[in-house]
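A.B. asks: Based on the sequences and whatever the hints tell you, model everything.
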Amino acid sequence: MEALLAFSRPALDWHALAPELTLLAFGTLITVVDIIWDDRSKQAMPTLAGIGLLATLLPVITLALDGTDRTMFGGAYVIDDFSLVLKALFLISGYVVILMSVDYIRDGDYYENEYYTLMLTSLLGMVMMSSSRDLISVFVALELLSIPAYMLAAWRKGGARSNEAGLKYYLMGVFASAVMLYGMSLVYGLAGSTAFGAIAEELGSLDSSPVAILGILFILIGFAFKVSAVPFHTWAPDTYEGAPTPVTAFLAVASKTAGMVALIQLVFVAFAGRDDVVQPFFWLIAALTMTIGNLIALRQTNIVRLLAYSGVAQGGFMLVPFAVAADAPARAVEAVVIYMAIYAFMNLGAFTVVLAVARKTRSGEIDSYGGLFQYAPGLAVAMTIFLAALAGIPPAGGWFAKFGLFRALLDAGGGWAAGLGVVVAVNTVIAFAYYARILGQMWFQPAPDGDERPVVMTGSLKAALAMTIIATMAFGILPGLVGHFGEVSVLSALGG
Amino acid sequence: MVDTVVFILAAAICLTGALGVILARNPVHSALMLVMTLFGIAVQFVALEAHFLAAVQVIVYAGAIVVLFLFVIMLLGVDRAQNLELSVLPVQKWAALVFAAGSLAILALLVMVVKEPVTGAEAIGGSATGDENVRLLARSLFSDYVYAFELTSLLLVIAVIGAVVLARKPKNVVGVAPEPGNEA
Amino acid sequence: MLLNQFLILGAVLFAVGVYGVLARKNGVMVLMSIELMLNAVNINLVVFGVQHGVVSGQVFALFVIAVAAAEVGVGLAIVLLLYRNRTSIDVEDFDLMRG
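Residue numbers (the working numbering), protein chains in the order written: chain A, 1 to 496; chain B, 497 to 680; chain C, 681 to 779.
Please keep in mind that the hints were generated in silico from the structure rather than gathered at the bench.
These numbers were taken from a predicted model, which means no experiment stands behind them.
Treat the hints with caution; some may be incorrect.
[Claimed, not checked] A few chain A residues that face chain C, going by a derived Cβ cut-off under 8 Å, partial list only:
1) L12
2) F139
3) I147
4) Y150
5) K157
6) N163
7) L167
8) L171
9) F175
10) L181
11) Y182
12) L186
13) G189
14) T194
Each residue gets a CB set at the ideal place from its N, CA and C atoms; glycine is no exception.
C.D. replies: Laid out in structure tokens, this is it:
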């Protein structure tokens with residue numbers, strides 16, 4: 001009886017929890033400030049949110065300098081280099097999104113204070129996701145990052161279209177969650193435990209049990225929705241178009257990266273023994289996503305929709321290393337991490353330019369980008385850098401991301417990897433076609449209606465632009481920077 | 497023997513309710529059939545000796561979530577249900593049947609496979625019976641899963657904040673400024 | 681007692697839920713079908729927990745219920761928003777998304 005009543009506190013490592021706790025503290029601070037000062041606090045809100053994100057970077061850095069791997073709760077929560085690198089990526093991307101949002105949210109008819117609360121909460125979910133090595137933690141982290149995202153996507157309350165888009169995103173998201181949960185229940189049933197280590201042991205020792213295959217597939221399908229892989233991508237263009245543009249950037253970059261992080265943890269740790277299921281699934285999904293994303297992007301006339309489909313295709317590129325997960329695990333993880341980091345900055349940069357230009361043109365059509373070079377040369381150059389990066393042209397960063405893909409495929413070897421390499425190459429060429437179309441508009445077409453007034457850039461947009469340009473160029477010229485982070489994150493992900 | 501009878505009765509309740517949810521025309525009927533399903537599932541939980549979960553199922557699921565559904569349905573007006581309809585591609589009905597059939601294929605798969613590793617267990621696990629059930633749950637929740645637990649509570653608070661913001665009547669009736677993407 | 685039949689019940693509920701999500705046009709009905717799917721998941725989790733003699737299945741099910749509550753709250757708020765805009769704006773054309 002006494003044994004049953006006795007309760008031993010779990011061993012908590014406060015330093016390891018520090019990033020999440022800091023972010024939580026700032027989120028609470030923002031909410032309290034909002035309650036007490038309401039409308040008067042609107043000016044301070046983005047600043048507080050930004051400070052919160054930067055403050056959270058401090059414990060991440062101290063944990064990285066400390067260098068020891070930490071686990072808690074029987075391995076469910078892990079701090080290793082992989083998780084630290086990803087946490088930093090989420091926090092910095094979040095900061096750039098906040099910079100992008102400041103003026104947009106203030107000028108539009110939006111609820112401001114709650115916007116920042118929801119964004120910080122979603123980022124907290126992403127930070128939690130980077131450390132989760134257990135089914136329950138992954139699930140809660142996924143919901144913690146998704147539910148604020150559903151609400152942010154519907155933030156433009158006035159338009160029926162945006163509402164419908166938000167509702168569709170929500171319904172598909174919850175549906176995918178339910179499917180993923182069913183898979184998790186099957187996998188849990190086989191393993192008898194929610195921890196990835198136990199799951200890996202159990203799944204690895206079963207030969208082609210249909211229940212195991214089903215469970216794994218359902219979980220992967222749930223996350224395939226999150227990263228907008230084809231055929232689960234149908235929510236993406238409508239949602240991206242209907243949401244406020246900074247939210248679109250947030251979804252396209254941070255939310256997608258979070259889905260990828262979860263996939264890395266699942267595929268490389270939990271499903272490590274089941275490459276018979278995992279590799280063909282990802283081969284198929286990656287090939288479909290790249291191709292269909294690019295083909296549909298070719299037809300788009302609206303820049304936000306084009307970037308949405310481009311994001312879908314880029315997601316496809318990111319999924320390529322998963323198809324060789326068992327043959328070349330180290331290189332594969334490295335490739336995905338590198339791609340995620342570079343993709344985050346180049347995509348955020350592209351969206352920043354879209355935001356800036358829209359301040360003047362009030363339109364999302366690619367035609368409205370005509371003559372950008374004449375009246376806003378800086379923006380035109382910036383956009384050129386980002387589009388070049390997305391297309392994979394040196395010296396902008398994207399080339400190293402694609403290079404990482406090919407390196408992983410080469411390491412794996414074999415017919416399937418070679419086939420996928422061909423698909424990647426072909427898609428890179430196709431993608432260049434629509435990126436070039438935008439470039440052509442900016443550089444060679446006259447301004448629509450001869451309107452050559454300059455674009456008024458606000459301070460925060462300039463800051464966001466500066467950060468993303470510097471990152472994109474730095475990753476392109478000094479690939480060792482991001483390559484280092486890629487290498488470092490590999491060892492721990494595989495070891496854990 | 498009693499177990500089997502209880503199971504069959506409860507399963508019948510669950511399935512009737514489930515079919516009612518998807519086939520009823522009137523959303524209020526759907527919600528009430530959902531309550532039926534949830535109650536059937538709560539009975540199954542008791543049969544599986546998960547007493548606390550059965551109580552939570554009734555209190556939270558049937559008692560809060562379905563009530564919320566009914567509030568919103570009645571607020572919006574049952575006869576206006578068609579205003580909530582999303583555009584459905586004509587192919588969707590067929591896709592629905594295909595997927596449902598696929599899911600039933602899963603069922604067949606489970607039935608065939610089910611002799612072996614999945615469910616050999618005969619007896620209910622004796623480790624979580626009666627009063628101990630709550631204790632064991634609490635122990636587990638507050639030691640192994642306390643992190644996820646605390647963040648779930650945060651999730652609930654944020655859901656409330658966001659839901660209030662979204663569902664509020666607009667502060668002013670000014671039109672939304674045209675944004676890129678909305679013009680297309 | 682054998683545990684197989686619970687899994688079959690779960691599978692059937694899940695299949696019914698999937699059909700409901702894909703075939704119903706009304707947003708609230710879709711949400712209710714998703715609740716069916718989540719209940720199927722819960723049955724599975726509890727059953728497997730019992731099979732292995734651990735309580736983590738029930739803990740997982742508890743989390744699913746809590747998260748489902750949050751999801752429903754958010755979903756119904758979005759539905760309410762959509763309804764308000766649809767009836768105050770005289771829009772006959774519901775299929776606004778093209779391309």
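A.B. asks: Does each hint fit the structure? Answer for all of them.
C.D. replies: Quick rundown of the hints versus the structure:
| no. | hint | in the structure |
| --- | --- | --- |
| 1 | L12 | violated (18 Å) |
| 2 | F139 | holds (7 Å) |
| 3 | I147 | holds (6 Å) |
| 4 | Y150 | holds (6 Å) |
| 5 | K157 | holds (6 Å) |
| 6 | N163 | holds (4 Å) |
| 7 | L167 | holds (5 Å) |
| 8 | L171 | holds (5 Å) |
| 9 | F175 | holds (5 Å) |
| 10 | L181 | holds (4 Å) |
| 11 | Y182 | holds (5 Å) |
| 12 | L186 | holds (7 Å) |
| 13 | G189 | holds (3 Å) |
| 14 | T194 | holds (6 Å) |
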